[in-house]
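Quick mapping for you: the protein sequence lines, in order, are chains A and B. Using my numbering, you'd call the opening residue of the first sequence number 1 and step up by one each time. Using my numbering, you'd call the opening residue of the second sequence number 1 and step up by one each time.
These aren't lab readings, by the way, just hints derived from the structure by calculation. None of the values given here were measured: they were computed from a predicted structure. You may find that some hints are simply not true.
Said to hold, decoys possible - BS3-like mimics (lysine-lysine), calculated; alpha carbons at most 27 angstroms apart, straight line:
(1) K451/A to K193/B
(2) K184/B to K299/A
(3) K662/A to K219/B
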Amino acid sequence: MNKKNTFKTFLSEIPQNLFSGFVVSLIALPLGLGLALASGAPPISGIIAAIVGGLVVSLIGGSNVTITGPGNGLVVVILSAITILGNGDMYQGYLFTLAAIVISGILLIILGFLRMGALGDFFPSSAIQGMLAAIGIGIFAKQIHVMFGNLDAKGSIIELLMQVPKGIFNFINSAGTSSFYAGLIGIISLLIMIFYSKIRNRYFQLIPAPMWIVVLSVGLYYYFDLFTTAKYPIDNSLLINLPNDVLANFAFPDFGKVYQSEFISAVISITLIASIESLLSIKAVDKLDPLKRRSNVNKDIRALGLATVISGFLGGLNVVTVIARSSVNVNNKGSNKSSNFFHALFLVAFILLFATELRKIPLAALAAILVFTGYKLASPENIKKVFSIGSEQLIIFTVTLLITIATSLITGILSGIIITFAIHIIINKSVLLFMKNILKPNVLMFTEDGKYYVSVKNFSSFLNFTKLKSKLDQIPETEEAIVDFSLCDFVDHSVMENMNNYSETFERKGGHFEVIGLDDSKSGSEHPFALRKILPKQKVPKEGVLTKRQKSIQKISEEMQYSYDAFPDVVIEELAGFGYFKTRKIDKVSNVLSKNNCTIFDVQFSEGEMIAKQVIKATMYHILTTKKLPKFTLDQEGVFEYILHFAGYKDIDISAHPDFSKRFYLSGKNEEKIRAFFTDELILFLESNKQYHIEATNTGLLILSNERLASVKEIKALAYFGASLQKIIEKC
Amino acid sequence: MQKIHKILIGIAFSPNLKPNLFEAFRIANLFNAELIGVHVGEKTTKKETDLNKIISEADTLNKPLKTIWQQGEPVAVILETAALQNIDLLILGALQKENLLKYYVGSIARKITRKAPCSILLMIKPSVEKKQCNHIVVNGLKDDRTEETIRTSIHFSKHLLCKKMTIVEEINQSELQVRINDDKSLRKATIAKERLKNREDQRVNTILKDISCADISIKTQSIFGTRGYSIGHYAKIKRADLLVMNAPTKVNILDRIFPHDIEYILSELPTDVLIVK
Chain A
1 MNKKNTFKTF
11 LSEIPQNLFS
21 GFVVSLIALP
31 LGLGLALASG
41 APPISGIIAA
51 IVGGLVVSLI
61 GGSNVTITGP
71 GNGLVVVILS
81 AITILGNGDM
91 YQGYLFTLAA
101 IVISGILLII
111 LGFLRMGALG
121 DFFPSSAIQG
131 MLAAIGIGIF
141 AKQIHVMFGN
151 LDAKGSIIEL
161 LMQVPKGIFN
171 FINSAGTSSF
181 YAGLIGIISL
191 LIMIFYSKIR
201 NRYFQLIPAP
211 MWIVVLSVGL
221 YYYFDLFTTA
231 KYPIDNSLLI
241 NLPNDVLANF
251 AFPDFGKVYQ
261 SEFISAVISI
271 TLIASIESLL
281 SIKAVDKLDP
291 LKRRSNVNKD
301 IRALGLATVI
311 SGFLGGLNVV
321 TVIARSSVNV
331 NNKGSNKSSN
341 FFHALFLVAF
351 ILLFATELRK
361 IPLAALAAIL
371 VFTGYKLASP
381 ENIKKVFSIG
391 SEQLIIFTVT
401 LLITIATSLI
411 TGILSGIIIT
421 FAIHIIINKS
431 VLLFMKNILK
441 PNVLMFTEDG
451 KYYVSVKNFS
461 SFLNFTKLKS
471 KLDQIPETEE
481 AIVDFSLCDF
491 VDHSVMENMN
501 NYSETFERKG
511 GHFEVIGLDD
521 SKSGSEHPFA
531 LRKILPKQKV
541 PKEGVLTKRQ
551 KSIQKISEEM
561 QYSYDAFPDV
571 VIEELAGFGY
581 FKTRKIDKVS
591 NVLSKNNCTI
601 FDVQFSEGEM
611 IAKQVIKATM
621 YHILTTKKLP
631 KFTLDQEGVF
641 EYILHFAGYK
651 DIDISAHPDF
661 SKRFYLSGKN
671 EEKIRAFFTD
681 ELILFLESNK
691 QYHIEATNTG
701 LLILSNERLA
711 SVKEIKALAY
721 FGASLQKIIE
731 KC
Chain B
1 MQKIHKILIG
11 IAFSPNLKPN
21 LFEAFRIANL
31 FNAELIGVHV
41 GEKTTKKETD
51 LNKIISEADT
61 LNKPLKTIWQ
71 QGEPVAVILE
81 TAALQNIDLL
91 ILGALQKENL
101 LKYYVGSIAR
111 KITRKAPCSI
121 LLMIKPSVEK
131 KQCNHIVVNG
141 LKDDRTEETI
151 RTSIHFSKHL
161 LCKKMTIVEE
171 INQSELQVRI
181 NDDKSLRKAT
191 IAKERLKNRE
201 DQRVNTILKD
211 ISCADISIKT
221 QSIFGTRGYS
231 IGHYAKIKRA
241 DLLVMNAPTK
251 VNILDRIFPH
261 DIEYILSELP
271 TDVLIVK
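Please put together the full structure from these sequences, using the hints given.
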């Protein structure tokens, strides 16, 4: 694609991006105001963040369809920063916090340059979930009181939650007052948020739910103003407060507390959350991108940092990438960065043209939007999801959640990390596994036959995931990749979840990503993301939770009409008769697919004894033939690994097929019979297919390619090869 | 290319002595070399009879075994003997981690490895029975010693009758000079990798050009990864029977704290390792 063409596409897509930018701005306006209010900052600060974010990140960012602006994750952090730094004076606290925001923006820029944007990769995913849920509860606890028209509720998150019943009681008792009507609007707004998605009306759905709330509540004001003699029942103090001249009154950060520890801890929390929230959103939005592009995370983080610095100097909040608005953008056919830009322009227009109207929005209405957001972050479904992955994940989740609520965000996430690590140690009954190997490189990647093969050693968890990630990110998603965990003793939930994400991305972009080597592992639950502990080598799991590979094998077995048994009791007795297993002891056979005397199976065997013992797992194909075969081995010419047990026999050349003789190494005892057995048809078949190692006894054939477990795709190819070979042999 | 005339083996009266000796006898015969056994410790009749019993069961040596009994500090004695006797190859046995299938080099062997004046063969799986060596993995680092190492390993594979050899070129990630951020840089990096791989293949092929290596199938494999580590991991996956490495240039205290190159291999032996001096 040349430059001109790209520009043309860009131009032709402007109308649709203009439209989606408009729809997004409809949500961004009430959310921006609401998030700012919930953070304890002037409402305009949220709009400033959205405008600056939209303009700056769309111009210099590295992602395509993301929308940037104030984020809900930061509400709790900024509120506590304002309260603590202000020491009672909210406005002064806000100015100090602006300084913290500016500095966190600078830190983000630095992180972006150091390519550390992916801070989130260092945290266990259940701990992050717990932290987000805690943030949700924090927002919920504070805003539910505002929604009921009570602006004065104060205290810690727990105290605020305790006050909820009393708040409802007070609300009912206060019938007739200004705050009662505000509360009424709040409750109606909440109902709109809840039932919006349930109403399937095209015209109703044209305007997003938050905008309905704004339109309706402003409409109500004008109804009272123009059509009735009664006064609008809600007092001005319960309405949103915007500066008279929006363009002139920018707040300026106060750097007076830069050296105080409270300030520094505020900066750290803000940076941490901003980076985690942005990263999670960028990753999630990449999955939605209809054009399947990969975002430049570090470039985006740098842009977000710069936007945050500018926003902070203008009196705005942090700029982060936000998932909800971004998905609205994608749903409305936003296709490039310009929609983010347009969303900012529309916000500027709104704030300049409709400032008077916006001043009529009751705070309770905005609080309702936030109560809904908070609930979503901490919804019981989320908790159920975590629990389904494993009870240990629920422990991590709960501990992080409770500690975050009870203390602070940083303490919360740190304890989440510690508890995760402690659980990993308990599960493995070993500290050494982690201590000894944490600093060692543990990932090997190389290409082989055009496939990317990645092997991971020792253990793979959130502690060393970046090592694996940096390798996996180098594989073009249109290629085929195989990740082998068979040298790993332990794989944790965060890694499993990420493997699943990679597999989805590869699938979307036309490649193939497969995880092997976990079939012998024990898992905590049925969930595909459950952590896996590799069992001691000799133990045979009689039943267990199937891995993704096993499930895929099960699926293809149905397609190919093979019967499948993941943990069979039977032993394939014929195997021992093969020369290959003469010096190798078979430990167990698993994942058996069988049909018409053919079996595909994973076999675990060992070489050598005692100290020299090595355990190997490989996938093979066995055919039980009906007629007697001559004993032989057939190999790629130049691969001499398997033929040792036939040493002494020369390569049998078949003169009619010089090409075959050149490519294959055929050996066996009874040369005459072998020559008779290799008919033209068989040779043609072998020549035109992938070269496998084939071994024959009098009654059977054994086919294998590499001495390792095969991916599902390789199994399919092997099955096809074996079945065709069987047909040819039985025919002649 | 190094000729192996004199081989030294440390004799320790451990359960592994028999396989160790059997293996050493076999290697000495393969190279038609002289074998010298050195025991650090007192010479007692019991030890002597034990040793003679094992020797009587082993293959007969082409050249007679010479045993040296000397007391002193093991590292110093062995290093001294190696220098004094003009040893070409020193054979050491590795230890196994308790109940794990992992091997490592004990502190004594490690010290010897760092300071030895000659090539060293570290064995993780000595066996009484003869076992065929099927696959040798050799490092193909961009280093002055590499040519010598490749020559020696071809010499070895000829004597060990090994038919398959893989030369692994470890390429440092930093050489890539393209950072992968998005689709565009990924494409660039993939192309750059291909180019680097070709360059490395070419370099190794120039070395191979002058060496006669008929009837050994030699493959090259480039790996982007940590130097010294990747090759060990690769040898383990491919279940190579012998891994041949360059001797380390020099080791200081920092290298032990932050392991690199050969230290990775010593801390977890993937297979038998030959370190070529």
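(request) Give me the numbers of the hints this structure contradicts, sorted from smallest to largest. (result) Violated hints: none at all, because every hint is consistent with the structure.
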